[in-house]
Every structure is written in structure tokens, then in C-alpha cells.
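Q: Starting from the given sequences, assemble the full structure and let the hints guide the process.
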Amino acid sequence: MSFRSRPPATNLNRRTFLGASLGAGLIVALEACGGTSSGTGSASGSGTIKWAWQLPTTWDPVTSSAGSDVQMLALAYDPITALDQQGNAIPWLAESWKYDSSGKKVTFTLRPGLKFSDGSPLDATAVAKSIERGRSQDGSLIAPQMKTIKKVSASGALDVVVELKEVDYQYPLLFAGKTGMVVNPAVFEKDAASLATQPAGSGPFQVTKYTQNDHASAKKNANFFAADEIKVDAFELYPQADPATAVAAVQSGQYNLARIGGAQVKQARDAGLDVQILESMFVSVLDVHAGKAPFNDPAVVEALKFALDREKIKEVANFGIGDVNYQPFPPGYVGYNPELAEVYAHNPDKARQILADAGYQDAVPATLTSSGFAPAAVELIQAQLKEVGIEVKIETIPQTQHTQLVYIEHSKALAYDGFAGRESPVQAFQVLFGAEGLMNPSRQSNPDLEAQLKKVKETPTDDPAYPALLQEATRIAVTTYPNTFLYLTPSIIARKGVSALPKSPSLRRFEGVSTS
Amino acid sequence: MKTLVALWRVPSARLALLVLFGVGFLAVFGGALAPHDPLQQYTDEVLQGPSAHHLLGTDYVGRDVLSRLMEGTRLSVVGAVEAVLIGGLLGVPAGLASAWLGPRLEWITLRTSDTLVVLPFTVFAIAVAGTLGNGLQQAMVAIGVLISPVFFRVTRAATLGLRKVQYVEAAELMGATEWWTLRRHIWSKVLPNVAVTAAHATGSALLVVASLAFLGLGVTPPAPTWGGMLSSDLGYLAQQPWAPVFPALLMMATVGSLNLLADAIRDATGATAAPRRRTRPAVAAAAREERPDVVTV
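Keeping their order, the protein sequence lines are chains Y and L.
Following numbering that gives the first Met the number 0, the numbering of the first sequence begins with 0 at its first residue and continues without gaps.
Following numbering that gives the first Met the number 0, the numbering of the second sequence begins with 0 at its first residue and continues without gaps.
Please keep in mind that the hints were generated in silico from the structure rather than gathered at the bench.
Glycine included, every Cβ here is placed at the ideal spot set by N, Cα and C.
Treat the hints with caution; some may be incorrect.
Unchecked claim - Listed next, the stretches of chain Y that the computed footprint assigns to chain L, with coverage defined by at least 3 CB atoms under 8 Å from CB atoms of chain L: (1) 139–145; (2) 387–398.
What the hints assert, rightly or not - Subject to a maximum C-alpha distance of 16 Å in a straight line, what follows is the list of computed EDC-like cross-link-like pairs (lysine to aspartate or glutamate): (3) Y:K97 to Y:E338; (4) Y:K311 to L:D36; (5) Y:K104 to Y:E457; (6) Y:K385 to L:E105.
A: Set out below in C-alpha cells:
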């Protein structure tokens, strides 16, 4: 189980997060075709996308244990809402939503004529049942995110009413991810276990075959509400290609779309492949356990933050692709706090001084746990920490044990990982800094942050005060929690005979993508 | 010494010994003689080609490849030798006991050997590393245990043949103790076979150690090993397509030399069914049939 996706490799120079986007255009187009295309989307597609990316931990969004699974699940499921480039909620299955004046009840109005891939109607009752399952089923991993829901009900065929225990304006954002993915009740009421290998949603593709750890095959879902936008008739999903063979695999036609690393960009371009760098919300991070030595001393944590030359790590390990970042959100995102742009800029002298002032005369021993990915970054971190007097031993553990040891058992003091982002910034805070946050190894909480997040939740996302409140929460979290953010890592994609993917920081989508 | 002299007369053995001496020298003095600190990162000189400053270039964080190869020899070779020693310590006494003490131990040792033989090296080592923690010692213990059946079988086969030869029976009839007979008549005949097996097994262990390092098991970074270097080089083939050649060549030369040496030991000590130089194959074969102490490995 892992809460990170493999790093989408890397990026180039300054971000264009706020740039005009194909994704925005696509959303407009989807809005335009809205209900008219539902159920009639048998538009002729041709070709097959063979995507070497990653296989999900499960095809059931309720029990999915990896944040990055959302990428693959979005092939088969539709969320209630979606996100635009700035991270704002926009219509998807729901064409609109409205909070009541108390902020404790929100009504999502679905597009008319929606259907699941098996042709059964996707109406308000189905959505309500799906949400109810997510928040009540044993073993649900999305239930904690819906703790403030008091009741979910259908009102007519199109209105889904969500009643809350407290004011929370985050639900339209939250429902843009796994939490809002609608699962066909006819399937989970009969055999919920089957969802692990056979998804039952309404997304652009319908999985026809799934071989665990090998590949998944899917065909175009004619019942997808925007089926006209799907230009291919089949989709094959594979695990990420080995860096040594990724480019050759695309060249040879084994895949026509593959994620590659920064080290392969030049090779891919030289081979005549199209290389596309897509901004993502993935940020590399050092998970620091504030309850374990030596990081139970705040001075060591502060020294750690100043000791790291993130720019150098990015240059060497990521071939210059990506952007140094000291916070969990990318520039342009509503939660990004510009005041933190240089908050822990590399300053080894200051790091040494902090350790000296704290009384450390000898090297401070520590162990850095890694699951073996990004070895260059891990080894650079080790060397940089050594320079300031933190003697780090690298411990490599199998990837399958990483989440268990680091996030469940909290047995590691320092671990290299990445945060794939969440649809709701409050959800991101809960995961990274919450008292039950899985990426908060010490589970320590900060009352100031909790109070600030309460203000954020109680503020409508379109309120002018919302960005400032959120950014203040970011400041509190970054400056008081030990987790150390390093750099943003875009997705690098090598394409052959496949048109460009829409730009979208949170999801890789395939509307409008064609093969030749 | 007599065996060494005999080996030296064989050209292939001479070559193998020279290569292995070089590897042994690197294993002992490589780290000290390395032109750079093998862990020093020259981050402004990442993935450079060979130059006067870095004779074999630099790796993905700017470390000197030559220095890492020299330093990495120690861990790679020590790991393999350690595994073979463990295998020998477990397998040889068990093989002797199984043949000499008869049914008392035979059944248990044979079944244990059969069980270990079916376990795949790499998977078993991964399982051990997963259980006991990822480290060189854990991995070598795992490999040593799996190598032990090879020593067991060779030792047992040789001992079984010797058990019934006339001079052994005569010694027993004349009142020699089992320990004396084992030491005087059996061990000296079994040893050449063990030596041949050890040479072969060291080559195999070297490859397994490299395979585990390739998979990220055994030695933890940033310590260099041949397998680890090979693994990391494969991620940067676009920048340095020639980089894997250096650790691969060292591995090939070492394993090849060990195999050549094993053949030469077999020839030189008579622990072979196929002498290297024989002018009369038919006679040699006939002579072999008359020598029950000779075991084909």
C-alpha cells in the first residue's frame, strides 16, 4: 500500500500552471455537450492507447490505498465534480451544486440521462448509495474524509442532498477525486468484492480484462456522458516501463504512451518520439517522524530543512526538470503561499549553527528509509546532510513494506517519498498534517492549524477571503511541521502516434486524444 | 605448493591466477589506491565520460567510476567468498558424515539437501532479506545455505567411493580409528573435489551477489558493488551506453577465471574425469574407472 505515485519523473523550468489550457477548453466542450451526448456516445473511435503508467492497487475506489490510483480509476469511473487548472471544482457528473445558507447542506444536481457502463441509469439514488457505501463500508479508506456527512439522500432523479454535521464547503472539491467516484450500486450490492478486479462505473472506458501486476484491457464506454470526446476505441494499461527500456518500448510499439524519467527525455526526442511534460501536483517530500530521534529535537528538524540544496537535487537527480518547492502545493494553486517561496533556501552554515547552538558537538546519526526509487536523490540528500553534521545511513526497504512501516507502524524516523496531491486542500492537510494523517508519521497535531483549517472549511471556496485563509494554513503547516518538501515533479510522457494529452495537474485525461 | 606449481604450468590456469590475483589485490588495496573517494559526489561533473581527471568517467551523482569499481571489488568478492565459506562449512562436514556415519545421518542430510536444492537462490535471498532485514550478511547467509548442497553432494559422492576401497578397509581392520582414517585417507582425496567445487561456487556466488545488488538487496547505497553499479548504469544508458561495460567486464573476468581455475585444479590434482592433456583418451578413461576416489563434478 502506498500513498504516493511513482514520481512522474520531471519538468522544465518555470511552471505554466496558470497557463491557458487545453483542459479548460475541453471542460467547456464537455459542458456544451452535457446531457445531449449521454447514452448516445457511440461515436466511432479508432485505435488503441497503450499506456505504460501504473496499475491500481485495486479497481474499487473505496478500498484503493494509493493516492495515485485516482489516475487509473478515472478511466473507469466518473467523479461527481472535477478540477480545473487552478484546482477549483467544476462540473462533471454534477452539472451544478448549491450550498444552503447554513453551509450544512449541499445539493448536487446531476446531468440528465447519465448511465453506467452497463447501461443502467446513473441517477441521484445511485449516487447517494455510492456515497453512503464509501462512508460506511467496513474497510473503506475514503470514509475518514466524509466524517462530517450526516446524511446522504436523493431528491428526485437528479438531486443528491448531502447533509453535514458542521459547515464544510470542501465537498465539491473532495468529490472530484476517489471520494466522489460513483460506483454502480447494482454491482456492489450484489458482490462488492468483484470491484477489486472488475470496475463498475461510468467513466470513458470499460475494463474488459485485468491481469494483476500485468495489464488491464478496456474498451470505449459508449455510455460515458462525453463519449463523443473519446477518440479511441480501446485502452490498454500497463505498469511503468523500466527506465532502461521505456523509450525502446515506445519506439517498438509495445506502448504508444509511456511515462519516462528526466534521464530519458533526450533519448526519447532523439528517437523521434513526442515528449510532453505535464504539470502535476506531485511533490517529493521527506517524511520526518517528530517522535523519533534525532528528529524529536526541533533543532535537528530545522537544520535538516536548511541543509538541503533542493536546486542541486533537482538538477542532478531530475535532470533539471521540476521546480523547487517548500510547500505541498504548486505555484498557481489556491493554497500556494508565495511568502514561503524561499523559506528554507539552502543555507548549510545556518544548519551547522543551529546544530551547534543546540549543543551537538559530534555528528548526529539518523537513518533515511527509501523504497529504492529515486536513488540519486536519496544519495544526494545523504551527502548534503553529512556536510552539516547529520550522518545519515540509507536503509532500503521493499516498496511493498514502505507504507506499512512508515505510515502504518510509524517505525521510521526519516523516509523519502512523494505526495501525489489531493483534490481538496483540506484533505491534503489532513493526510499530511492531521492527527490521523497517514503521511504524518508522528501523528502530532497543531491546534493552530486545526483552528485555521476549520476556518477554511467554513469559508465558501469562492469567497474572496478563502485563498488567504488557506495560504495561512499552509504557512502554519510548513513552518511548524517536520515534513520537508523538496521539489515538484511533473509527468513526462513519451508519445508515438498519440496526440497530446490535455493539461491537467490532478488527472491525466484522454478526452480528445486520438491515435494515428 | 606442489599444486600451485602444477597449476602454474597450465597456461589457462596461469591467466586465471593472474586475473584473480589482480582482483584479490583490488579487494584488499582497491579502496586505499583509488584515485578519488568513491563516495565523493562531484555534482558539477555528473555522467561525464572518461577524462584525465576521471579515467572511467563519473556516475549519476558525479562519483568517480574507477574509484567505485576499485572499492566495490572488496564488497563484491568478500560477499561471494563469505557465501562459499558458509556453504562449505555446512556442506562438507555434512557430506562426510552422511557417507561415513551411514544411515545414522544419511536420511536426514539427504532430505535436507534435496529440500534446499529446490529453492531458487534469488527468491530465497529476497525472502531472507525481507525477514531478517536488508544487508550483506543476511543475503550471504541465505546464499551460503543454498550453496551448501553442492558441497554436500560432491563430498558425499567422493567419500562414498573411498569408503569401500581396499586400503581404507585395511586401515580399519588394522585398528585405525574413524577419525584417523577420515583424516589420513579420505579428506586428502576429497579436498581436491572440494577445491574444484569451491572455485565454481565462488563464480556462481559472485553472480548471485551481483544479481542481488542489481535488485537493491545486500549492500545498501551508497557503498559500491559491481552489481549495484551495473544496475544504476542501466538507468542512464542514454547518457552513458558504455558505462555497464566496466563492472560487467570485471565480473566476466573474475567468474571466467574462477571457472578456468576450477578446471585446472581438477586437472592438476587428478580430481577429474577428463584430464586436460591426454594423448590416449581410451587409456585415461580406463584409468579413471579404476580410481574410485575420482568424482565427476
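Q: Could you tell me which of the hints above the structure violates, numbers in ascending order?
A: Of the numbered hints, 1, 3, 4, 6 do not hold.
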